[in-house]
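Quick note, the sequences are listed as chains E and A, same order.
Start counting at 1 in the first sequence, then tack on 4, and there's your number in the working numbering.
Start counting at 1 in the second sequence, then tack on 20, and there's your number in the working numbering.
Careful, some of the hints might be misleading.
[What the hints assert, rightly or not] Going by beta-carbon spacing under 7 Å, a handful of chain A positions derived as facing chain E:
1) 436
2) 440
3) 463
4) 464
Calculated directly from the structure, the hints in this document are not laboratory data.
Beta carbons: idealized from backbone N, C-alpha and C, even for Gly.
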Amino acid sequence: MKTLLFERNPARFAASRVVSAFGSGRGAGIGPLRLVEGQAPALPAPGWQHVDPILSGICGSDLATLDARSSRYFEDLVSFPFVPGHEVVGTVATPARAADGTDLPPGSRVVVEPVLGCRARGLDPVCDECAQGRTGSCRMVAFGHLRPGLQTGFCADTGGGWSTAGLVAHESQLHAVPPGLDDRDAVTVEPVACAVHAVMSAALRGGETVVVVGAGTLGLASVAALSHLARAGHVAEPTDVLVGARYPHQRTWAAELGATDVLAPEHVSRAVRRRTRSMAVGAPSGGGQRLTGGADVVLDCVGTAASIGQALDLVRPRGRVVLVGMAGRVHLDLASLWHREVTLVGAYAYGTELSRRTAAPISTFSLAFDVVAATGTGRLVTATYPLERFEEAVAHAGSAGRRGAVKIAFDLKQPPHKAPPPASAPRKEGPK
Amino acid sequence: MSPRPGFVLEVDGSTPPTLFWNGERFCQEKLPEGSRVVYAPEPLEPLVDPVAAVRHALTHPLGDSAPLPALLHAGMRLTVCFDDVSLPLPPMQAPDVRQLVIEQVLDMAAEAGVDDVVLVAALALHRRMTEAELRHALGDRIYEAFAPHGLLTQHDAEDPENLIHLGTTEMGEDVELNKRAATGDLLVYVNINLVAMDGGHKSVATGLASYRSLRHHHNPSTMRHSRSFMDAPSAELHSSNWRMGRLIAENGVKVFQIETTLNGDTFPAQFGFLQKREWEWSLRDRATYAATSTALDRTPSRVARQIFHSIRSPHAMTSVQAGEVEAVHAVTTSKVWEQQGVEVQGQTDIVTMGLPYICPYNVNSIMNPVLVACLGLGYFFNLYRGRPVVREGGVLILRHPTPWEFHPGHHPSYIDFFEQVLSQTTDPEVMSKVYEEPFATDPWYIHLYRTGHAYHGVHPFYMWYWCAHALEHLGKVVVVGGDPRAVRRMGFAPASTLNDALEIASDVVGRSPSLTHLHTPPLLMADVR
Numbered sequence: 005m006k007t008l009l010f011e012r013n014p015a016r017f018a019a020s021r022v023v024s025a026f027g028s029g030r031g032a033g034i035g036p037l038r039l040v041e042g043q044a045p046a047l048p049a050p051g052w053q054h055v056d057p058i059l060s061g062i063c064g065s066d067l068a069t070l071d072a073r074s075s076r077y078f079e080d081l082v083s084f085p086f087v088p089g090h091e092v093v094g095t096v097a098t099p100a101r102a103a104d105g106t107d108l109p110p111g112s113r114v115v116v117e118p119v120l121g122c123r124a125r126g127l128d129p130v131c132d133e134c135a136q137g138r139t140g141s142c143r144m145v146a147f148g149h150l151r152p153g154l155q156t157g158f159c160a161d162t163g164g165g166w167s168t169a170g171l172v173a174h175e176s177q178l179h180a181v182p183p184g185l186d187d188r189d190a191v192t193v194e195p196v197a198c199a200v201h202a203v204m205s206a207a208l209r210g211g212e213t214v215v216v217v218g219a220g221t222l223g224l225a226s227v228a229a230l231s232h233l234a235r236a237g238h239v240a241e242p243t244d245v246l247v248g249a250r251y252p253h254q255r256t257w258a259a260e261l262g263a264t265d266v267l268a269p270e271h272v273s274r275a276v277r278r279r280t281r282s283m284a285v286g287a288p289s290g291g292g293q294r295l296t297g298g299a300d301v302v303l304d305c306v307g308t309a310a311s312i313g314q315a316l317d318l319v320r321p322r323g324r325v326v327l328v329g330m331a332g333r334v335h336l337d338l339a340s341l342w343h344r345e346v347t348l349v350g351a352y353a354y355g356t357e358l359s360r361r362t363a364a365p366i367s368t369f370s371l372a373f374d375v376v377a378a379t380g381t382g383r384l385v386t387a388t389y390p391l392e393r394f395e396e397a398v399a400h401a402g403s404a405g406r407r408g409a410v411k412i413a414f415d416l417k418q419p420p421h422k423a424p425p426p427a428s429a430p431r432k433e434g435p436k
Numbered sequence: 021m022s023p024r025p026g027f028v029l030e031v032d033g034s035t036p037p038t039l040f041w042n043g044e045r046f047c048q049e050k051l052p053e054g055s056r057v058v059y060a061p062e063p064l065e066p067l068v069d070p071v072a073a074v075r076h077a078l079t080h081p082l083g084d085s086a087p088l089p090a091l092l093h094a095g096m097r098l099t100v101c102f103d104d105v106s107l108p109l110p111p112m113q114a115p116d117v118r119q120l121v122i123e124q125v126l127d128m129a130a131e132a133g134v135d136d137v138v139l140v141a142a143l144a145l146h147r148r149m150t151e152a153e154l155r156h157a158l159g160d161r162i163y164e165a166f167a168p169h170g171l172l173t174q175h176d177a178e179d180p181e182n183l184i185h186l187g188t189t190e191m192g193e194d195v196e197l198n199k200r201a202a203t204g205d206l207l208v209y210v211n212i213n214l215v216a217m218d219g220g221h222k223s224v225a226t227g228l229a230s231y232r233s234l235r236h237h238h239n240p241s242t243m244r245h246s247r248s249f250m251d252a253p254s255a256e257l258h259s260s261n262w263r264m265g266r267l268i269a270e271n272g273v274k275v276f277q278i279e280t281t282l283n284g285d286t287f288p289a290q291f292g293f294l295q296k297r298e299w300e301w302s303l304r305d306r307a308t309y310a311a312t313s314t315a316l317d318r319t320p321s322r323v324a325r326q327i328f329h330s331i332r333s334p335h336a337m338t339s340v341q342a343g344e345v346e347a348v349h350a351v352t353t354s355k356v357w358e359q360q361g362v363e364v365q366g367q368t369d370i371v372t373m374g375l376p377y378i379c380p381y382n383v384n385s386i387m388n389p390v391l392v393a394c395l396g397l398g399y400f401f402n403l404y405r406g407r408p409v410v411r412e413g414g415v416l417i418l419r420h421p422t423p424w425e426f427h428p429g430h431h432p433s434y435i436d437f438f439e440q441v442l443s444q445t446t447d448p449e450v451m452s453k454v455y456e457e458p459f460a461t462d463p464w465y466i467h468l469y470r471t472g473h474a475y476h477g478v479h480p481f482y483m484w485y486w487c488a489h490a491l492e493h494l495g496k497v498v499v500v501g502g503d504p505r506a507v508r509r510m511g512f513a514p515a516s517t518l519n520d521a522l523e524i525a526s527d528v529v530g531r532s533p534s535l536t537h538l539h540t541p542p543l544l545m546a547d548v549r
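Chain A on its own, in the form it takes in the complex (with noise of 0.2 Å):
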């Protein structure tokens, strides 16, 4: 049987309580009724042999790029660069796409006699992966292989010596890359195509590049602009890294593009019921979400955290394509949408939503309240095509604890955004101005950067930029269940249940609003006509 389609409920007086992620919780509740419901669309079915898919792939790639085996040859810099750790969510079970794909790179380059060969991480201003983390993203093999050689390494966008400027776009966005990479004889990305933002011309000119040039996209006016991040044609942000990738592409550096797309199946056979919908739960789920729940709900945070972080994802490969970036990434973003577009009429006055435990940057980390806010706001919001979900001036309910918590080692510059910028201003265009600069350029953290395991100091501006279009668009954003005082920081305000929320929410638009839930995850994303 082919899976199902995504679907929109209407909520009726016999539809059971609706599922709310709520970070390492859940909960139910009872929707208003005539209350939308979006569910995903069920798993696509996995490719039967992935190996074989992958080198079918890159023998017959797409565009005008030559085979793999082709651009091989003795001799040669093979640079062999790969998404990091905020990919996929939640990690996956091994074999990671990740050790599949460079697997077979390797093989065909050994075949052809390249020993040149080098791996780097694509971090861009993300926290360099740890030992674990690098050997389950490639596999023991790969890591023994390269690792003590000092031949795997991580993109350090402070790094000097191993950073090239390639030039200015026609619009005067710098582009700075790993010098390996960009002066190699052949760079070759490999994406999980989580989502439809990922991937195309963003792999290298973002997750290999600079400060310098990450400014000229990740800022308030790109991300506003970005209408939605998901949605390529409209989105400031994928114009502005395809003009990057073709400076790129003329000055010489040949990229060959891998690309992946995975199913939604995205939690284990234990947490089956997350991928439900709610009046299809067996008596199994039930007892099953009963007893999860109420012992989440009695466990520590910090055991519940660590329980959740060790979840490994079956997420499962629907598809490998190769060669020409453009032309990849295409054949990709249809992929990705078949596996979580859900089309969506018309927009509404609320939108709700239940944030888990895990953003793309806090895997084996806390979700403080800035990658919450950029969660919901950012990543969440930005899950459509066409028009958001919610209507302009309406309001975004979101349900997570939003502890006042951050990780000091990978988090440290999260911590003096959220108590010396948040506190004066929530503004992004302000922030972006008064204080990003010293932010980005404070050598404590990028020291720390560099040799421990935190995000660049300019990250949490760029987490309150990827807000920024939902902070213009929306009339109210309330958080249930948060710390009272971190939700007012952000200038959110706090409700401590849906009904509260509601009836704040009723200040914007009205006493009869229409309502939206996204089930998510696992991830959708709304065609909304």
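Isolated chain E (complex conformation) (with noise of 0.2 Å):
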């Protein structure tokens, strides 16, 4: 059984740094990860699970770990060596039971909910937080009968989903996938997750504009979660939405997932003034020119410094940013969100969120399911690599939107035998 494995050396972390600079996802080969032999964790105490995984994604929050650029915030929050991929479809081995009550048969699909609250980690009585549901924000992911770590994928004991060996997961952590779902689709809930979370803190009040900045697999999530949340009545429907783009494939996915406006970055600016009826100072060439008034809500799937001074000159006063992507040490000049009492919302994983339809706490990875099974985000896996390569995959990651790719996974059944792709020519699908 293969098993990447992340370990701390410093040397090996430094290298991946300086390669990393040259492009992200460059330095798997040098850095702290290693293809290795391995076995499935033992499961931590009753209500664990053996899960084996079909297909694991590489996320944004991983390439940032690979690459060495994340922040050191994490570090006391995850545990070594540890195997990454938080993004998982897997199958249980034997009887088990999902956070829901229901029964899963041995061979049932599931979705990990990887965030290791404090059920997972046998605590009782639970944190306040997760009391009321909010796992994502578990005040003792360092404690409790597991090494500390907030998600599966950071966590010394429980393995994660770039392994096929497998990985324990708690049965509050278990979501069965329903048959309409194919594994493209189920990888993707995670992720699919955390954009309704980050939609769900908007706290959107109706006919309001919002942009998204970045189209990654959180980009496009995003918009795929606002488009059906909305139809669905669980948050006020934006009156807008427009959507930053790099790239020709990222523009018409953002279009078909719902957006309003897709345009190239540069461009939205300009095209928040229009849609808003915005006024705007400084000079009108050489670009200086800045909004006064701007999007109600900007949600910055990107998390960097840059992005984040664009969602925040995007903005209106008294709007919100809601940081979505993963950020880190940024600098960053904050007179506009001084000066225009600007909310920055942080949106982190997921729990359960108050519905505007039901007035009632509902699952975070149950509206997942349902964006995901309305809007085929599965369609965003865009290629597949067994882990024997997951130097080609990560890398290809690291360059996704340059490569015509938005979501990279591993495939953790594809038989050895059977010859993958060229490494120049990884398999690419479209749109389903």
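Mind docking these for me? Both chains are given alone in their own frames, and the hints should help you get the complex.
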């Protein structure tokens, strides 16, 4: 059984950081990630199950970790060595029970909700956040019978999706995959859940203009979540959803998933000005104009200094900026945030959401399954690789936009004897 | 020797390459044998004493108008309106016709004791003129006498305090005009009639109107039913303006119309080869062409643009007439045709044209892609009477660099139109229904129009509507030498050479098409039989 193991190795960590400066994902081969023979972790306690991954995605936070770009904030919230991979669809090997209490016969397909909250950690009573269903905000992610790890895929005791040996998951983390969803759809449930939580965190008021900055997996998932959740009445319907997308395939999919306007990033500001009938100040030439109004809500699905800065430029006074992409240490001019009294909101992971339609708490993953089924986000899985070709896979994920891709995933069921496509032409599929 | 009329050359083996304008550059193309090249008539003889001619026109009006001095009296409110920077093209050498005419009008007003005089630049939805442009058009003497006192104004189509709604025509068209011009005792309008569609009732009904009024004729339907704009009886644009003009008259607005025509002497002596037929080029012409062309090819576009926009045309006045609007315009139109008309026998499969660096809406500015389309499909395509030079379903081949470049101060809404509208649709009807109103009422565009030097937010739509007739008529549009991305954005086909363009055109018109090249500017109008 093969496993990709991420070890604490400062020398390899430094090497990866240097190489990744030339392009995200390029340092996978010399970084702390190694392909090893491995076995599934032991079950930590009753209520835990073995899960055999089918597909496991490569997320932006995985890339940041492999590139050694992630914030040192997380150092004490992970435990080494760990097997990455928190976007997982797999099967349970033995009879199990899902988070919603339904029985899962052996071989049932499940999606893993990777947050390791109090219940997974065997803590009783659970913390206030977990008690209210906000497991993403669990206060005990470094405690309990597991070693630290804010999610499966960052914890030494649980394993992760990047392994043919499998991982272990608590029954509170398991969600049955409906028969209508194929594996590619299912592996996008986790990132879509992040997008759902971000959209729910935006506190939409109806008739508003929303801008999505970035059109990678999170950006496109956010567009899908916005359009479906509004259509289903879970959130108030925005008037416009403008998306800044750099690459043609991103533009196509953003439009298909429900964006009202899809623009090159450099044109978003002008479009927001026009849509919101804002004024602008500054010289018209030289790109020095700034909006005096702007969008009601901006979802930053990138998380860099540039994207956060752009979000602050695009939002109206007293508007909301939601940080969806994983941010780290950034250098920012916050004058406009201060002057315009902008609300900056973080949106991490998931838990439960308060639906506008039902006024009752709903599991974020439940909403995410609906979004995936309604919008077909499985089309975003553009290429899959076997573990043996992890360097190519990570490099592909790091340059997904340029290479016409969105989501890259490991195919854990692909027999090694089946010849994979050549390295120069990874398997690509268009939208379904 | 009297000037020679226009001429249609049939290209044969001995015909030298034909000059094509190419933005701020030129080139020569070897056209296929059998092609036709349409040349403008040579410049008509100018008036010997233009000032005397102006005074004569003002005192011997046409139609049922009294002479201007008889219309002037102490205590009256006189408003003198004049065409803006979009005319003539290129801007003419000083003194400008407007200066010559308005000086005489003001002298007569002074002699009559009129002391309430306001000058109004009839901008419609065009950008405001700069001080330098106003000084050039009116001369320093007039500028200094009026501007410091706030008596030299520019029509503001977005100033509700200074607009008046006169009513609606029998077709339901709103007529909303500049209040000072419409409520004074006499409105004197000074025209430069560069082409046949300039002047007439369009001067006041368009030049001094608001968006509320203009939208009734600046729309895809009117433009598609104007065949062509230059041929008044066949132009719905003309009919709409005439209905409005008559309503204006019925409302008691007294208009004293002054129209002037210019000869075809378009470029100064150093660019003399541009006005000659290639086989008549002298050794000096050939040397000048070679030197100029080579130098321009090595000159950055920005610098070349500055060079060309500094050109002052030696245009000279060939006629001036004044009095009642329709009587004046009938004479003016015949004078324009006398200078520009060329008889062309039959239509052609392909029409080619080289587009110059300037159109009415980029004086001292950048010819952005929307204006390229407007000049080619809106203006030059419509330089006809009877039938278009190119047959229905034929191909138009333009030559222009078509840079993806905009003047952010002059054309702010063009940038958004190009990015946000043309990226979605090139159909004038669709954009009119879906996008026009938000652009027309956008407060930022309105602010820039009123306080800066920006064209109105709706203006790029009008430029595209000008193309509506051509878009409907043509089977394909090919742009040679343009930025492929910009060309494709407009729904046209890019080609790197004329031969490539002809190859592309063959999909539509076959392998042995007939071809006609319009050798303009100098301006010409094809009378297609």
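Each hint, compared with the structure:
no.: 1; hint: 436; verdict: holds, 5 Å
no.: 2; hint: 440; verdict: holds, 6 Å
no.: 3; hint: 463; verdict: holds, 6 Å
no.: 4; hint: 464; verdict: holds, 5 Å
This entry satisfies every hint, going by the numbered hints stated previously.
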